[in-house]
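The residues making up each chain are set out below.
There are 2 protein chains.
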Amino acid sequence: MEISITLTNNYPKYIQIYEQIKKAIVTMNLSSHSKLPSKRTLAESLGVSVHTVKEAYEQLDAEGFIYSKERSGYFVAPFEFEWQQSNNTKPPSTSIETNFSKIDIDFHNGHIDTASFPFSSWRKLYNKHFQPENLINNTSQGEPSLRYEIANYVHRSRGVQCDPSQVFIYGGIQHQLQAICHFFGPTISAGIEEPGFKRARAIFTQNCLHTHHIAVDELGVTVPAKKINLLYTTPAHQFPLGMVMSAERRASLLKWALTENAYIIEDDYDSEYRFKGLPIPSLAKMDQLQRVIYFGTFSKTLIPTIRISYMILPITLVDAFSIFYKEQKTVVSKIDQLVLADFISQGLYDKHIAKMRTLYRKKQQAIISSIETHLSKKFQIIGEKSGLHIVLKLPNYLREDEAIEKASSVGVQIYPISTSYHHPSNQPMVMIGYGGLSFEQIEKGILRLKKIWCP
Amino acid sequence: MEISITLTNNYPKYIQIYEQIKKAIVTMNLSSHSKLPSKRTLAESLGVSVHTVKEAYEQLDAEGFIYSKERSGYFVAPFEFEWQQSNNTKPPSTSIETNFSKIDIDFHNGHIDTASFPFSSWRKLYNKHFQPENLINNTSQGEPSLRYEIANYVHRSRGVQCDPSQVFIYGGIQHQLQAICHFFGPTISAGIEEPGFKRARAIFTQNCLHTHHIAVDELGVTVPAKKINLLYTTPAHQFPLGMVMSAERRASLLKWALTENAYIIEDDYDSEYRFKGLPIPSLAKMDQLQRVIYFGTFSKTLIPTIRISYMILPITLVDAFSIFYKEQKTVVSKIDQLVLADFISQGLYDKHIAKMRTLYRKKQQAIISSIETHLSKKFQIIGEKSGLHIVLKLPNYLREDEAIEKASSVGVQIYPISTSYHHPSNQPMVMIGYGGLSFEQIEKGILRLKKIWCP
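Heads up: the protein sequence lines correspond to chains A and B, in order. The first sequence runs 841 to 1295 under our numbering. The second sequence runs 841 to 1295 under our numbering.
Just to be clear, a hint being listed does not mean it is correct.
No copy is singled out in the list; a pair is fine if it fits within one copy or between any two copies.
Within a straight-line C-alpha distance of at most 20 angstroms, the following computed PhoX-like cross-link-like pairs (lysine-lysine) qualify [what the hints assert, rightly or not]:
| # | residue 1 | residue 2 |
| --- | --- | --- |
| 1 | Lys-1191 | Lys-853 |
| 2 | Lys-894 | Lys-942 |
| 3 | Lys-1116 | Lys-1169 |
| 4 | Lys-1116 | Lys-875 |
| 5 | Lys-1191 | Lys-894 |
| 6 | Lys-942 | Lys-875 |
For the record, the hints were derived by calculation from the structure and aren't laboratory data.
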């Protein structure tokens, strides 16, 4: 019996040995019950350690391709089926994709101040909840303790009165919007702000929904004139333009929804960070959840990479929704949910938000003052009452793509507003987030923009 | 100025004070700029601590309902809009839903042996990866390091040759099946095994897809006779009946898919636990991913409550799929992904599976021997070659619902097979999982079933 084995340096030698012997077995080049060379013999002939051959043999044994007899060695297992072999024997490429980039100042609107996170508190809670009893029995709607804490939180912070039974936990707002779309069915027509959140628009598109693009003015989204069953809106801080929906407009929208029998999805994605004036009550509070589906997230207030969001359904929809999704499993880790519930109930969440509100307010003041100092008056800031990003209207001589490209050439990443539009806009604007940057980076970034934008 | 505040014991007093003052403000019962009682005065009149009032005032201040003047106290902030007030002032109910049940032996097929999990290794990795740099920048397809480890794992364990670029991370198989459905569009027709996995069927239903129910025989799912674009199947361990798809049937299915230009979703949900005979190669291995979309999960091999699954797309679909979902964010925690990648790369995953395979084999032997010893020959075990559950065919005198109800009356939970059927079946069967139970519980559970089933 002969086995021809060729080793390269691309990936572990024991896997190569294992693979080549397995191939010889399944292609019938090694016949059933024939004896394999001893570990020592094969190791010597291949110039590898006996341990390497041992690992390969054990893997083959574990998978049933070979079997061992005490004091006799290893033998090929009986193997009848003619495998359909592919010629492609390429192992997975060993290079891990990386994203090399020269950007060192990233004004990303989704970034947060990561260093300020209470790491040790979270880790302590994680270790507390990572226990045998929490490794089984996920609930589909979300852990009761977390839903209870969320119901209390939206009550004290946004005036939304709801029962934990109305709270549903998801892995991000796209995921819950998807759940809503299927629940309402494929024949509804949807509305989205123009400009609006492109990731929400993508969900409507994936669902092949008939979608209307509803203009926004300085008071927020306008009242839809066309028949719409479901309107997605961002009243607290319009995405991306940043205006706060006026109280009058809120009342008009609620009236519209009631009259038209429509539902409003209120995405309250960063209402925690309001820096000027009184907090504006949520639509869900004014409506007391008859026509409003309230969306909240922990991405801005906690950690965007732990994917937890929630929605609060009008009580009249809860039963039908639960029945519709009775076979659904959650996508959110139970451990993370329990940790978060505990984090909120211990007061750590409110404390963290209060701290971050102050920090982000200062960062916002810094970026505004930096822009006002260094850029000319032709650059106009909008959307600065709230949230973690501002919008910069560009002067006529600077196109949006040009502005972004120039910024990139000096290591600064800023973001287009045009991608938030369904129909092209002729006002060049860019989005500048500041949550994740230090005060020094903010100043440095704006100075670099000055250099290439204001020659 | 008068404020009437009534306190109950239902929820924190400071929230009650905060709420009632806020209500008085927004309903104009407290006029703008009027002075609030001092903390001490209000505390005394309500019989609470000064600290409680302080908390309420601070919350009102933080939300902008009142403001403070140094050395003068708190005042009502100007407030112009007539809020649409609801009469419903019920706070969230404080009772957390709980599921009281007398079941103490639960033969759930999704349960695992939680005590055997390497807790300290996982916790150590979690603490290592829970760092500032991992709190931002989720990738939508999944972390490269995890996709790399998965590509290697499916290669060494299931012979599936793929590149990490073909691996997509999701929060459970329903979630990835959903992604596939939208990608293929609303006009395709889908096929699912009969009986089959009801949670997969639910996704087809939610998508309003035209769905065919394809009979299974003793060799696995039969080759579809009708035009189907997408067939969902569980070859390694048919769910729920448990047969292993024969090599011939696999070849026929692949041939069918190639001829019909159809895609096969191979859900390999518990192929790691095969107890008898040689491992049967995955469809994806035989096919080398031309027509097969391979589904894998960590629910059975690691932890079901940390929701991580993956799918491997044929290389020809990768680009189109990525473009279709270019605006999509992941639902899976980046931290968990990094922890899992490290867990696999350190060899802990393979070691854990090997350990669990031995343990579950013993548990399966225990339950089979227990059934054979205690129940009469009229109870027939099927599907015992693989996986974490067996199916018990019931004798004619015992209906499925009756068997389950009787079991429940003695604290034993077993599960119906009928819910896996689209069309009613006349063979009474129940599903018995054993992964989560101790050897003692298994024996005790079967003895209790003997008592009420075999009088």
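Hint-by-hint comparison with the structure:
| no. | hint | verdict |
| --- | --- | --- |
| 1 | Lys-1191 with Lys-853 | between (53 angstroms within a copy, 19 angstroms between copies) |
| 2 | Lys-894 with Lys-942 | neither (46 angstroms within a copy, 50 angstroms between copies) |
| 3 | Lys-1116 with Lys-1169 | neither (41 angstroms within a copy, 31 angstroms between copies) |
| 4 | Lys-1116 with Lys-875 | neither (80 angstroms within a copy, 22 angstroms between copies) |
| 5 | Lys-1191 with Lys-894 | between (56 angstroms within a copy, 15 angstroms between copies) |
| 6 | Lys-942 with Lys-875 | neither (57 angstroms within a copy, 56 angstroms between copies) |
Going down the numbered hints, you'll see the structure goes against 2, 3, 4, 6, while the others check out.
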